[in-house]
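Using numbering that gives the first Met the number 0, read the sequence shown as starting at 0 and increasing by one per residue.
No lab work stands behind these hints: they were computed from the structure.
Careful: at least some of the hints might be erroneous.
[As the list claims (entries may be wrong)] With a Cα cut of at most 30 Å, we get these calculated DSS-like pairs of lysine-lysine:
#  : residue 1 : residue 2
1  : K277      : K346
2  : K243      : K81
3  : K211      : K67
4  : K198      : K211
5  : K67       : K81
6  : K243      : K211
7  : K81       : K198
8  : K243      : K67
9  : K186      : K198
10 : K186      : K81
11 : K186      : K243
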Amino acid sequence: MFLAVSSQLYLLLDCLCCSCYSAESNLIVSAKNKQGVRIVRNTHLIFFEGLPGSGKSTMAHFIARQLKHAAICSTWYYEVNKWHPLTPFHDMTSFLQFRALAQATQFHMIFDRYLERWRSFADQLQQTGEVALADSGLFGSLTWMLFSTLMPETEFHRYLEQVHEIIAALDPCLIYLSQEDALTSLKRWLTRQGGEAEKNAIESKTASPYGKQHHLTGFDGLLHYWEDYQRLIYRAFLHFPGRKIEIDTTASNRLHSQQQAADFLDVPLTHDLSLSQKDLQRFVGSYRSLDHEEVCVVEYGNGLLSLRGPIVVWQHTRLIPMDLTTFEVESLPFVVSFVTDGQGRVKRLVMNGPEQFLHTVNHVYHLIEPAERKEIAVS
Numbered sequence: 000m001f002l003a004v005s006s007q008l009y010l011l012l013d014c015l016c017c018s019c020y021s022a023e024s025n026l027i028v029s030a031k032n033k034q035g036v037r038i039v040r041n042t043h044l045i046f047f048e049g050l051p052g053s054g055k056s057t058m059a060h061f062i063a064r065q066l067k068h069a070a071i072c073s074t075w076y077y078e079v080n081k082w083h084p085l086t087p088f089h090d091m092t093s094f095l096q097f098r099a100l101a102q103a104t105q106f107h108m109i110f111d112r113y114l115e116r117w118r119s120f121a122d123q124l125q126q127t128g129e130v131a132l133a134d135s136g137l138f139g140s141l142t143w144m145l146f147s148t149l150m151p152e153t154e155f156h157r158y159l160e161q162v163h164e165i166i167a168a169l170d171p172c173l174i175y176l177s178q179e180d181a182l183t184s185l186k187r188w189l190t191r192q193g194g195e196a197e198k199n200a201i202e203s204k205t206a207s208p209y210g211k212q213h214h215l216t217g218f219d220g221l222l223h224y225w226e227d228y229q230r231l232i233y234r235a236f237l238h239f240p241g242r243k244i245e246i247d248t249t250a251s252n253r254l255h256s257q258q259q260a261a262d263f264l265d266v267p268l269t270h271d272l273s274l275s276q277k278d279l280q281r282f283v284g285s286y287r288s289l290d291h292e293e294v295c296v297v298e299y300g301n302g303l304l305s306l307r308g309p310i311v312v313w314q315h316t317r318l319i320p321m322d323l324t325t326f327e328v329e330s331l332p333f334v335v336s337f338v339t340d341g342q343g344r345v346k347r348l349v350m351n352g353p354e355q356f357l358h359t360v361n362h363v364y365h366l367i368e369p370a371e372r373k374e375i376a377v378s
């Protein structure tokens, strides 16, 4: 099977796209609607942090949809966006230069480059007045690499203090998605990745400077690595001086976790559009891209559509209806549209989204006719 793009980036960080939800109205900050109900907590910056597999991007996407429903100008900065405003590398050449600094333990130079990005980002938000959502924007995107190269925790906390000085005027909020144990999150992440995710993760973590120093081996070594990493980011969460909340996602009670996040942000909950079984099942099938021979599959179950197959998408990722033929891809800043012929028969699946670090997203997939599907199944 495949490794989803974020998994590939995690591995690269060891050896971010923005989905813009805008409205014509100006930013509504700590305001009330016509019924006197508070719209949103006074903030311009919302962070989502936690272990891989804890649900950061899923929660960020959920809050982005709620802000859109509330007509609040906001942008979700997905962690693996190639042109993420907080990432100082955007191609393999600049990434390798950046990784060389980490391997040489030039942490002060790395922090300085990130701080430059933070200053520009804070200036941008103050000028636009938008609400920015960033999954792994505060801890994850930086620590995934530096933790494996033995980053001193004192230097990391000093860096975070400088970051908060830069963004303090934006009144940032932090949502930390916790797990009772790292194993739960790790297994969820590996299962969602599929393929050789476990093998690759073990190799990258145990072969890292951190892994070698702590004599990590096998799956137990991988788990030990993430347990130590979990303690690092949890201490960083406790030191965060802004408003924050810890939400336990161990039980995978999505509705309860989403309600907690919405209550914390004072965002009114609006349900996603719901379509009938008949309206959804018409899209079920296999689709093939003619330009790179990639096949994706749309499936139906439990009243929902899911997508699997494209390398940029997790396995069995839920499709959230926007209208009768257009869907958002949950946890990702992508949109899927189905194209029909004059008789209303589905012919194509079109995926659009911002360029990711290792892959482009914009592709057209053609519905595979029944005879052709049988041929593929046999081969």
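Here is how each hint holds up against the structure:
1. A distance of roughly 17 Å separates the Cα atoms of K277 and K346; the hinted pair therefore holds under the 30 Å criterion.
2. In summary, the hint linking K243 to K81 is supported, as the alpha carbons are separated by about 28 Å, within the 30 Å threshold.
3. Simply put, K211 and K67 have alpha-carbon atoms about 46 Å apart, too far for the 30 Å limit, and the pair is violated.
4. For the hint pairing K198 with K211, the CA-to-CA distance comes to about 17 Å; that is within 30 Å, so the pair holds.
5. Annotation: proposed proximity of K67 to K81 holds, straight-line Cα distance about 23 Å (limit 30 Å).
6. A threshold of 30 Å between alpha carbons decides the hint, and for K243 with K211 the separation of about 35 Å lies outside it, so the pair is violated.
7. Between K81 and K198 the CA atoms are separated by roughly 26 Å; this keeps the pair inside 30 Å, and the hint holds.
8. Proposed proximity of K243 and K67 is supported: the alpha carbons are some 22 Å apart, at most 30 Å.
9. Note on K186 and K198: the hinted pairing holds, with a Cα-Cα distance of about 13 Å set against a maximum of 30 Å.
10. Simply put, K186 and K81 have alpha-carbon atoms about 27 Å apart, close enough for the 30 Å limit, and the pair holds.
11. As the CA atoms of K186 and K243 are separated by approximately 26 Å, the hinted pair is consistent with the 30 Å bound.
The structure shown violates the earlier hints numbered 3, 6.
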